[in-house]
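> Sequence:
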Amino acid sequence: MVNKTAPPATAAIARRTILGMIVAMALIESLSGVTQGYLNPILPALGPVFSIDDPTINGIFLISNVSFAVLTPIISRLGDSYGYRLVLRWSTGVVTLGVLMMALWPSLWTVTVGVVMLTCVVGFIPLMMGILRVTSPGHTRTGVSVMIGMLMIMVGAGGLLAGIVGVTDPTLGFWVAVPFAVVALVCSFLLPDAGTPTREGLAFTPLLACSLGLIGFVVALSMGPDWGWWDIRTIGSGLLGLALLAAWAVLDIRNPGGGKRFMDLRMLANPRIRAVSLATFFFGFASISYFGTNGIFLHANPDKAGYGFALGPLMIAIVLAVASVFSLVSSLSTAPLLRIFGERATLVFAGLLLAGGFVVMAVAHGSFVAYCVGFAMFNLSLGMYQAGTRALSVEGVPLEETSTAAGLNELALSVGIAVGAAVVKMISSTFAVSGHISEGGLIAIWGALAVAALVAAAASASYPKRKASGVLA
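Everything in the sequence shown is counted per the UniProt record's numbering, starting at 1 for the first residue and increasing by one.
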């Protein structure tokens, strides 16, 4: 006789296995959230400790931004070539070493090197998406939503914990990430080995052109407000970076080196990938680039600046931690929203919600409650688009290119953030009064970012709509 109870039992085991895998991935991504959140309150407070000035601190942030942009395509591409789990373990190990080095021997040099090592977290999501998509394709959207939810909540929690622990000595804040790093490293050994590595080598020339091009472009955008937009260093760095990026695009599209490639940019011919990448660029432009201005606004004394609420660093950290809960809720809701309302409608709504948040902040920024409402809308959109665009970025590409496709989306996000930050800095410099952003400058920033959010919504509207049959058109 056939045991009819076996299939349900097997399904239950499979469900438990998938659940355990997603939990492990969420714990690994918590390290990414903490490391991206805990540096914000620590680095600005290191000036008196290391006897360094603000330009040096800004230089550390610049190194971090450049490293994020450069390592995004490299780590993602390595995952497809040499195995998602193997590259994830190495990435987690490098981040753990960086965390421990900064906590045990805090100095200007260890922090500078450690910040670069920490940027290896940029590969966590593309690599884990590769494992998830191969192991259980039907749970990809849910898994991504959970990972993004953990990322969002831990960015806020990491900053809050670092602010509390490092209130007397900012270097003590580096210890906040240590337990998360240990847990993430252990979890990287619990994930299954998924997929068959292509063993395809990386074309060195396109890799070099992409990396140097990103360095030149990001440096020009980041340093333009300080050097001057018409300074020869800004123009030279920017033009050289764009030229190298153009060369990379030509080389990779032609697929040189006897079949070797760096990243197959031909996947942008896919309407879904193209729409998601463009939307991701403008979402990053309109959202993450605003966090610095948000802190400035909340900290400003209304009696002197004419705006703001005179909040201290700890209160700002609390506001960010509470706001991250909205991002957590929206990211966890994204998978069912994509299923119920469709991919196009969900992403368009995220763009409109983001633009609406900036409008509320611009119109009612004199009220703390009203500003918090606008910032809550901002964070709801943040979690929604981060989960939605990342999940959709790999749909429609071959399994062996999952990590590369996810990395391409991460690259679009990183470059969008850099461009958005440059625009915000440019507006801030143009509307500066006695070293502070004027109220008119803040309104201009909110307006510019609202326009970028609307462009993200328009780009999302070009995503192929799903027909009743389930086919995209």
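Hints are computed from structural coordinates only; laboratory data are not their basis. Even for Gly, the Cβ is constructed at its ideal location relative to N, Cα and C. Incorrect hints may have been included.
[What the hints assert, rightly or not] Distance condition first, Cα-Cα at most 20 Å in a straight line; then the derived SDA-like pairs of lysine to any residue:
hint	residue 1	residue 2
1	304	139
2	465	294
3	465	340
4	465	270
5	465	341
6	304	455
7	465	366
8	304	454
9	304	428
10	304	395
11	304	423
12	465	304
13	304	436
14	304	439
15	304	352
16	304	432
17	465	278
18	465	451
19	465	450
20	465	271
21	465	368
22	304	344
23	304	429
24	304	186
[Unchecked claim] Okay, the calculated beta carbon distance ranges per label pair:
hint	residue 1	residue 2	range
25	426	208	44 to 52 Å
26	186	369	24 to 32 Å
27	369	228	17 to 25 Å
28	339	200	33 to 41 Å
29	310	19	28 to 36 Å
30	246	108	33 to 41 Å
31	399	304	55 to 63 Å
32	89	19	30 to 38 Å
33	250	178	24 to 32 Å
34	228	108	51 to 59 Å
> If a hint holds in the structure, say so; if it does not, say that too.
Here is what the structure says about each hint:
1. This hinted pair does not check out: residue 304 and residue 139 have alpha carbons roughly 52 Å apart, beyond 20 Å.
2. Taken as a hint, the residue 465 and residue 294 pair is broken in the structure, with Cα atoms around 35 Å apart against an allowance of 20 Å.
3. Pair hint residue 465 plus residue 340 holds up; C-alpha atoms about 13 Å apart against a cutoff of 20 Å.
4. The suggested pairing of residue 465 with residue 270 holds, with an alpha-carbon distance near 14 Å, which does not exceed 20 Å.
5. Distance restraint check for residue 465 and residue 341: the Cα-Cα separation of roughly 11 Å lies within the 20 Å cut-off, and the hinted pair is therefore satisfied.
6. Simply put, residue 304 and residue 455 have alpha-carbon atoms about 35 Å apart, too far for the 20 Å limit, and the pair is violated.
7. For a cut-off of 20 Å, the pair hint linking residue 465 to residue 366 is broken: about 41 Å separates their Cα positions.
8. At most 20 Å may separate the alpha-carbon atoms for a hinted pair to count; residue 304 and residue 454 exceed this at roughly 33 Å.
9. The suggested pairing of residue 304 with residue 428 holds, with an alpha-carbon distance near 17 Å, which does not exceed 20 Å.
10. As the CA atoms of residue 304 and residue 395 are separated by approximately 51 Å, the hinted pair breaks the 20 Å bound.
11. Restraint check: the Cα-Cα separation between residue 304 and residue 423 comes to about 25 Å, which exceeds 20 Å; the hinted pair is violated.
12. With a C-alpha separation of about 51 Å, the suggested pair residue 465 and residue 304 falls outside the 20 Å cut-off, and the hint is violated.
13. Between residue 304 and residue 436 the alpha-carbon distance is near 10 Å, which keeps this suggested pair within the 20 Å criterion.
14. For the proposed pair residue 304 and residue 439, the alpha carbon gap of about 11 Å is at most 20 Å, so the pair holds.
15. Taken as a hint, the residue 304 and residue 352 pair is broken in the structure, with Cα atoms around 34 Å apart against an allowance of 20 Å.
16. Taken as a hint, the residue 304 and residue 432 pair is honoured in the structure, with Cα atoms around 14 Å apart against an allowance of 20 Å.
17. Between residue 465 and residue 278, the direct Cα distance comes to roughly 16 Å. Compliance with the 20 Å bound is thereby established for this hinted pair.
18. A distance of roughly 24 Å separates the Cα atoms of residue 465 and residue 451; the hinted pair therefore is violated under the 20 Å criterion.
19. At roughly 25 Å between alpha-carbon atoms, residue 465 and residue 450 are farther apart than 20 Å, so this suggested pair is violated.
20. Proposed proximity of residue 465 and residue 271 is supported: the alpha carbons are some 11 Å apart, at most 20 Å.
21. With a C-alpha separation of about 40 Å, the suggested pair residue 465 and residue 368 falls outside the 20 Å cut-off, and the hint is violated.
22. A distance of roughly 45 Å separates the Cα atoms of residue 304 and residue 344; the hinted pair therefore is violated under the 20 Å criterion.
23. Taken as a hint, the residue 304 and residue 429 pair is honoured in the structure, with Cα atoms around 18 Å apart against an allowance of 20 Å.
24. This hinted pair does not check out: residue 304 and residue 186 have alpha carbons roughly 50 Å apart, beyond 20 Å.
25. Taking the beta carbon of each, residue 426 and residue 208 are about 30 Å apart, not inside 44 to 52 Å as hinted.
26. In this structure the supplied range 24 to 32 Å is violated for residue 186 paired with residue 369, their Cβ-Cβ distance being about 43 Å.
27. For residue 369 paired with residue 228, a C-beta distance near 40 Å fails the hint of 17 to 25 Å.
28. For residue 339 and residue 200, the Cβ-Cβ distance of about 34 Å falls inside the hinted range of 33 to 41 Å, so the restraint holds.
29. Checking the proposed 28 to 36 Å range against residue 310 and residue 19 shows it is violated: the Cβ atoms sit about 46 Å from each other.
30. Between residue 246 and residue 108 the beta carbons are some 36 Å apart, a value that agrees with the proposed interval 33 to 41 Å.
31. The hint said 55 to 63 Å for the Cβ distance between residue 399 and residue 304, and at roughly 57 Å that hint holds.
32. The given range of 30 to 38 Å is broken by residue 89 and residue 19, whose C-beta atoms sit roughly 22 Å from each other.
33. Separated by about 45 Å at the C-beta atoms, residue 250 and residue 178 break the suggested range of 24 to 32 Å.
34. One distance hint, 51 to 59 Å for the beta-carbon pair residue 228 and residue 108, is violated here, with the actual separation near 27 Å.
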